[in-house]
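Next come the chains, spelled out residue by residue.
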Amino acid sequence: MASKSKQVMKKAILTENPVLRQILGICSALAVTNLMMNSLIMGLALTFVTGLSSFFISAARKYTPKHIRMIVQTMIIAVLVIVVDVLLRAFYPTMSKALGPYVGLIITNCIIMGRAEAFAMNNPPVLAFLDGVASGIGYTLVLLAIAFVRELLGFGSLFGFPVLGASWTNWTLMIMPPGAFFMLGILIWITNNKKEGGQA
Amino acid sequence: MKKRNSLIYSVLFMIALTAFTTLILAVLDQSTRPRVEIQQQMETHQAILFSAGIESTEENVESLYTERMKPVAGEENVYEYYEGSELKGHVIPFEGSLLWGSATGYLGIAEDGKSLLGMDIVSNAETPGLGGRITEDWFRKQFQSLALKEEPPYLIYRPAAGGNVDAITGATQTSESLRIILNKTLTEYFEKKGGN
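Those protein sequences? They're chains A and B, same order as listed.
Oh and the first sequence: position 20 is 20 in the working numbering, straight run, nothing missing.
Oh and the second sequence: position 69 is 1069 in the working numbering, straight run, nothing missing.
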């Protein structure tokens, strides 16, 4: 069991990383990565939703009629997303404002539904929870990596702290949508090359 | 196994799930409501102050607000801005539609009508990082102590001739819609003022 959960974690974070290998959750990976703080909160919110939704979907899988399982999954995911939205609005209003509609749009993140269908429906709750959390972490790490470069070059800061000094000229392009496409493209290119090189 | 796929089981399952999840959300919503309402009121007060050119923190917003702002009787959401006992200007609300949805905010106008005190956005539905940047400091602060044109349009984006504000790169539609709303609000305000 221990080795199995380890394997699940490794797969979800590294070898089958949801963003870089499965190309899921791209929309939000492009949208919120101009600041590291936004990326971190978005990643944590997604980890929370994916972990718990996988847990509940797995726990209910033996009682869920097969032909309505999608509605059940969507419902569980939607409830968790609203929970995140309400909690952010009540306890972290500035972040709730910064992320805007993207919190609500977590529901459309393919990673959650993907893990629910591919993993949670066929595995016990605890393992499904681990898989969901690990997928969320894999997503968060990629977001942070992209945001690191974008915020550093685009604002000259990291997590809002200026690090490059006043003489640094901001690359406005990096905090605009093209910067996100460049960074994500480069990251996917590098990781895919590495994988093929390592296995060939 | 057969039982699980029957219509009656599916319907009952969905009803039970819906009732349970709705209950959870209702409880959560009720328990956080007071907190959210306090925050919303504070945000509105901060926006009104910012429109008069005053930056406030969570600690001093309420004291500044009661000291400097006086609601105008008979007009909803219109405030007089005082420094000491001197009337410095008015803060008026504006609303209209930007690119993706409606937006609301406040606009502060100096008493002589020649310049703005400031501008702040309370709500908007623009894309974060693009049109959503209308809420960023550099954009909002442009309107503080901004000299208005003498004739409408009072606000013009640079680099057009006579421009006095900068639009947002990559959010042309949002910027332009906002400019139209602000100019319209200003025109109405001055017409009303002139008429009195």
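Hints were generated in silico from the structure; no laboratory data involved.
Do not rely on the hints blindly, as some may be mistaken.
Computed cross-link-like contacts, EDC-like style, restricted to lysine to aspartate or glutamate with a CA-CA straight-line distance of at most 16 Å [said to hold, decoys possible]:
{"#": "1", "chain 1": "B", "residue 1": "K1088", "chain 2": "B", "residue 2": "E1111"}
{"#": "2", "chain 1": "A", "residue 1": "K6", "chain 2": "B", "residue 2": "E1111"}
{"#": "3", "chain 1": "A", "residue 1": "K97", "chain 2": "B", "residue 2": "E1111"}
Pair by pair, the computed Cβ-Cβ distance ranges are [said to hold, decoys possible]:
{"#": "4", "chain 1": "A", "residue 1": "M70", "chain 2": "B", "residue 2": "V1027", "range": "43 to 53 Å"}
{"#": "5", "chain 1": "B", "residue 1": "A1073", "chain 2": "A", "residue 2": "I23", "range": "56 to 66 Å"}
{"#": "6", "chain 1": "B", "residue 1": "E1176", "chain 2": "A", "residue 2": "A2", "range": "27 to 37 Å"}
{"#": "7", "chain 1": "A", "residue 1": "E117", "chain 2": "B", "residue 2": "I1008", "range": "18 to 28 Å"}
{"#": "8", "chain 1": "B", "residue 1": "E1059", "chain 2": "A", "residue 2": "L14", "range": "57 to 67 Å"}
{"#": "9", "chain 1": "B", "residue 1": "T1066", "chain 2": "A", "residue 2": "P178", "range": "26 to 36 Å"}
{"#": "10", "chain 1": "B", "residue 1": "T1169", "chain 2": "A", "residue 2": "I186", "range": "49 to 59 Å"}
{"#": "11", "chain 1": "A", "residue 1": "E16", "chain 2": "B", "residue 2": "T1066", "range": "54 to 64 Å"}
{"#": "12", "chain 1": "A", "residue 1": "F159", "chain 2": "B", "residue 2": "A1073", "range": "40 to 50 Å"}
Going by beta-carbon spacing under 7 Å, a handful of chain B positions derived as facing chain A [said to hold, decoys possible]:
{"#": "13", "residue": "N1005"}
{"#": "14", "residue": "L1007"}
{"#": "15", "residue": "L1025"}
{"#": "16", "residue": "Q1030"}
{"#": "17", "residue": "Q1041"}
{"#": "18", "residue": "H1045"}
{"#": "19", "residue": "G1113"}
{"#": "20", "residue": "K1114"}
{"#": "21", "residue": "R1133"}
{"#": "22", "residue": "G1162"}
{"#": "23", "residue": "N1164"}
{"#": "24", "residue": "I1168"}
{"#": "25", "residue": "G1170"}
Heads up, the beta-carbon is just placed ideally off N, CA and C, and yes, glycines get one too.
Quick rundown of the hints versus the structure:
{"no.": "1", "hint": "B:K1088 / B:E1111", "verdict": "holds (5 Å)"}
{"no.": "2", "hint": "A:K6 / B:E1111", "verdict": "violated (68 Å)"}
{"no.": "3", "hint": "A:K97 / B:E1111", "verdict": "violated (32 Å)"}
{"no.": "4", "hint": "A:M70 / B:V1027: 43 to 53 Å", "verdict": "violated (27 Å)"}
{"no.": "5", "hint": "B:A1073 / A:I23: 56 to 66 Å", "verdict": "holds (60 Å)"}
{"no.": "6", "hint": "B:E1176 / A:A2: 27 to 37 Å", "verdict": "violated (60 Å)"}
{"no.": "7", "hint": "A:E117 / B:I1008: 18 to 28 Å", "verdict": "holds (26 Å)"}
{"no.": "8", "hint": "B:E1059 / A:L14: 57 to 67 Å", "verdict": "violated (46 Å)"}
{"no.": "9", "hint": "B:T1066 / A:P178: 26 to 36 Å", "verdict": "violated (47 Å)"}
{"no.": "10", "hint": "B:T1169 / A:I186: 49 to 59 Å", "verdict": "violated (23 Å)"}
{"no.": "11", "hint": "A:E16 / B:T1066: 54 to 64 Å", "verdict": "holds (58 Å)"}
{"no.": "12", "hint": "A:F159 / B:A1073: 40 to 50 Å", "verdict": "holds (47 Å)"}
{"no.": "13", "hint": "N1005", "verdict": "holds (5 Å)"}
{"no.": "14", "hint": "L1007", "verdict": "violated (9 Å)"}
{"no.": "15", "hint": "L1025", "verdict": "holds (6 Å)"}
{"no.": "16", "hint": "Q1030", "verdict": "violated (10 Å)"}
{"no.": "17", "hint": "Q1041", "verdict": "violated (12 Å)"}
{"no.": "18", "hint": "H1045", "verdict": "violated (14 Å)"}
{"no.": "19", "hint": "G1113", "verdict": "violated (32 Å)"}
{"no.": "20", "hint": "K1114", "verdict": "violated (33 Å)"}
{"no.": "21", "hint": "R1133", "verdict": "violated (10 Å)"}
{"no.": "22", "hint": "G1162", "verdict": "violated (25 Å)"}
{"no.": "23", "hint": "N1164", "verdict": "violated (22 Å)"}
{"no.": "24", "hint": "I1168", "verdict": "violated (10 Å)"}
{"no.": "25", "hint": "G1170", "verdict": "holds (5 Å)"}
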